[in-house]
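**Q** If you want the building blocks of each chain, they are given just below.
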Amino acid sequence: MSKTWGMTKGCIVCCGLVAVGMLLQLTIGPVRWDAMASPVNIVVLIVLLFSILTMHLLRGKVHLFRWMSTLHAGIPAMVACAMLTVLMGVTRQVPTGHQPTEPFGITSMLTFWPFVLSYTWLVVLLGMVCMTRLLHPSWRNIPFLLNHLGLFIALVAGTLGNADMQDLRMVVQEGKTEWRAVDSKHHVHQLPIAIELHDFSMELHESSAAPRSFSSDVTVYTKSGTTVRDTILVNKPLSFRGWKIYQYSYDEAKGVESDISVFELVRDPWLPFVYLGIFMMLAGALSIFVGKKW
Amino acid sequence: MVTWNTLWLFALPALVCWTVAALLSLRGGKKSLVYLLTICGLLIFGSYIAMMWISLERPPMRTMGETRLWYSFFLPLVGLITYSRWQYRWILSFSTLLSAVFLCINILKPEIHSKEMMPALQSPWFAPHVIIYMFAYATTGVATLMALWQLFRKQDQLAAIDNLTRVGLSFITIGMLFGALWAKEAWGTYWSWDPKETWAAATWLCYLIYVHLRKSRPAAVTPALVWQVICFLCLQMCWWGINYLPSAQGISVHTYGS
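Taken in order, these protein sequences are the chains called A and B. Per the working numbering, residue 1491 is the first one in the first sequence, and the count goes up by one each step. Per the working numbering, residue 48 is the first one in the second sequence, and the count goes up by one each step.
Keep in mind the hints are simulated off the structure, nothing from the lab. Be aware that a few hints might be false.
Unchecked claim - List time: in silico EDC-like cross-link candidates among lysine to aspartate or glutamate, alpha-carbon distance up to 16 Å:
1. Lys1666(A) to Glu1686(A)
2. Lys1734(A) to Asp1720(A)
3. Lys1734(A) to Asp209(B)
4. Lys1734(A) to Asp1749(A)
5. Lys1726(A) to Glu232(B)
6. Lys262(B) to Asp209(B)
These numbers were taken from a predicted model, which means no experiment stands behind them.
Please model the complete structure; the sequences and the hints are all you need to start from.
**A** Here it is, written out as structure tokens:
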């Protein structure tokens, strides 16, 4: 098979994915990421890894699978993802959870089927090349694996874990204890932890009345009675029982006199894997200087 | 007190140093003198940035004008590294010219602004994130100039372009991942597809495509050179283009304040 055909095939597959994506978009509507919540994402992960392994093992028999771990498949996939990302960059996106403002769905790119399918294809190809290198270990493969496997892990964990992530806002009054928080759709959640706000304080810039920093002195409780007392600042969140508590806002009408503090509470069980991927990629980027001749 | 009004006091001597060094290297003059003059210029201009940092009481990276300062600083530095590595005589003229353009913009159209910085930006991640990105921009800027030079003058420099792109790409990767770690620390999400992040992803993918294309089709020179220019256009969109993009108005946390 000629070299040119390999790349052409890659382009055909990507065009096919975009076409299928458009059909899905017009028939069943945008991608529903909330359906990915645990345990669906665990099943999807197992299916993904298992199919990558199977395709890898069958690569001697099936030409398509062998082709999938070549650059002829990878480059068109990257081009497709880049083009859809540029399209996302030039269209005004609606906030997360809102319906797209036009019939095609490109104003909500993250739920746009062609976008999701193209990135999924890229991730599958990435998984295939990683599998090939993983099953033939060699020191020389380390920089390659740091870059490629790192990206694979970060993308898969970040995407699949997104539906399990809880991102809530909690408003607490000074002197009060609060255990309820609201999500982005204004649903109220009762949490296993509670926050008592002792004091909210704010420093101002001398030249103007703009805030320089603001912070909250809090005690956090669990149902079992464990407590921790700490100060939460912007850029200095508090980690407690799998939750990260960020200083988010305050009563902006009252400013310095604000007697409430708004916290952002985030729970992200897949985060350690995303971090693993990110740190692998950081090491991979550094290895470009150390490892190869340039 | 160092302000934008005193910029020319430092920029001019630095530019003179860089220009003399560039002319010397063009004529194949003494290398030690070329190094000495370029480093001299870097020290003069670097001290301006340092004093600016002190007088602003925050890293000078908040506005477009401030990021241009770093760009003007890193261009001759990347030029010098390239010169020492591959002995291109003309590279310093290129980097000096480009640096001069950005300096002129800053001198002729200074952006006056306050000391204030919103609380989310007061993070130890802020300085490395921006400095690494600016260094990457300078590296890829030089690579693009070389690509254009080769496209029109037909002088083979592909090996150097490839190397600069690899360095640029790895810095872009580090800058982007630092940004993600910082965002997680400050806002609770490492990637939120804010317009700047979307364009950063597109730019990153473009450079990845360049690197893979070079590996897959080493003989396809012209497409690679053209793609190098496209990558840089994408990067410009990410750096300042989105400030003018209707789709990004008012929703990006990355929009530079004035």
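**Q** Is the Cα-Cα distance between Lys1734(A) and Asp1749(A) 16 Å or less?
**A** violated (22 Å)
**Q** What's the verdict on Lys1734(A) and Asp1720(A), does the C-alpha distance respect the 16 Å limit or exceed it?
**A** holds (13 Å)
**Q** Taking only the CA atoms, is the gap from Lys262(B) to Asp209(B) under or equal to 16 Å?
**A** Within the cut-off at roughly 10 Å; holds.
**Q** Assess, step by step, whether the Cα of Lys1734(A) is no farther than 16 Å from the Cα of Asp209(B), and give holds or violated.
**A** This hinted pair is violated, its Cα atoms lying about 42 Å apart.
**Q** Would you mind confirming whether the straight-line C-alpha gap from Lys1666(A) to Glu1686(A) stays at or under 16 Å?
**A** holds (6 Å)
**Q** Hey, Lys1726(A) versus Glu232(B), does the alpha-carbon distance stay inside 16 Å?
**A** Judged against 16 Å, a Cα distance of about 7 Å means the pair holds.
Hints 3, 4 from the earlier list are contradicted by this structure; the remaining hints agree with it.
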